[in-house]
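Could you build all of it, start to finish, from the sequences and the hints given here?
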Amino acid sequence: GAGVSQSPRYKVAKRGQDVALRCDPISGHVSLFWYQQALGQGPEFLTYFQNEAQLDKSGLPSDRFFAERPEGSVSTLKIQRTQQEDSAVYLCASSSQLAGGSEQYFGPGTRLTVT
Amino acid sequence: EDQVTQSPEALRLQEGESSSLNCSYTVSGLRGLFWYRQDPGKGPEFLFTLYSAGEEKEKERLKATLTKKESFLHITAPKPEDSATYLCAVMGGASKIIFGSGTRLSIRP
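Keeping their order, the protein sequence lines are chains D and Y. FYI, this note's numbering numbers position 53 of the first sequence as 53, with every residue one higher than the one before it. FYI, this note's numbering numbers position 67 of the second sequence as 1067, with every residue one higher than the one before it.
I should point out that these hints are in silico values taken from the structure, not numbers from a laboratory. One thing to keep in mind: the hints can contain errors.
To be verified - Now the in silico label distances, taken between C-beta atoms and shown as ranges:
#1 Ser1024/Y / Ser87/D: 25 to 33 Å
#2 Ser87/D / Gly1029/Y: 44 to 52 Å
#3 Pro61/D / Ser1024/Y: 22 to 30 Å
All residues carry an ideal CB built from backbone N, CA and C; glycine is no exception.
Pasting the structure below:
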């Protein structure tokens, strides 16, 4: 079946521009996670949704980062006034279970480059 | 603070040369330890979940083990297609997963 998809796969933004990254999770998965992965590092947690509720946003690095999942399926990560340090791969993952130790299925990521 | 440390950072093996990757962790109330494989330009691919010390899981040439302080990913007679970055992650009392920096594994034919 279809896995997690993300779009766009690549995004180049000029410093100060706003960007929106989309995640389509596996159908029926209640849990959705966003991660940021710098080159040569493991993914770093950004935020977690259970259906449409954002239960944990402790990993968002600043108030320029905003995520939503209004209908409990597709999610969007928005970054306002992008900075060079925002350059990274942004990964989305979904899980069929509530957050509590189950495996997550990752999308291919969106590579964001801020120039 | 929850923390995950993986070693070595990189490992080069000859095809058929078995070895182990290490994941040391500090977490309050372990709810799960995960191993993922990540190929260049792709998202991590789930391999195993371990829940308690003494637990072991196997998949083809890979076996994961868990103690109270660390986990090992044993690779037996690896093939070039096993080349990838292997990520370890833990979930503690909160909902978020903490990843290590990974071990880049390269298998030479």
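Comparing the hints with the structure gives:
no. : hint                            : in the structure
1   : Ser1024/Y / Ser87/D: 25 to 33 Å : holds, 30 Å
2   : Ser87/D / Gly1029/Y: 44 to 52 Å : violated, 34 Å
3   : Pro61/D / Ser1024/Y: 22 to 30 Å : holds, 26 Å
Checked against the numbered hints given earlier, this structure breaks only hint 2.
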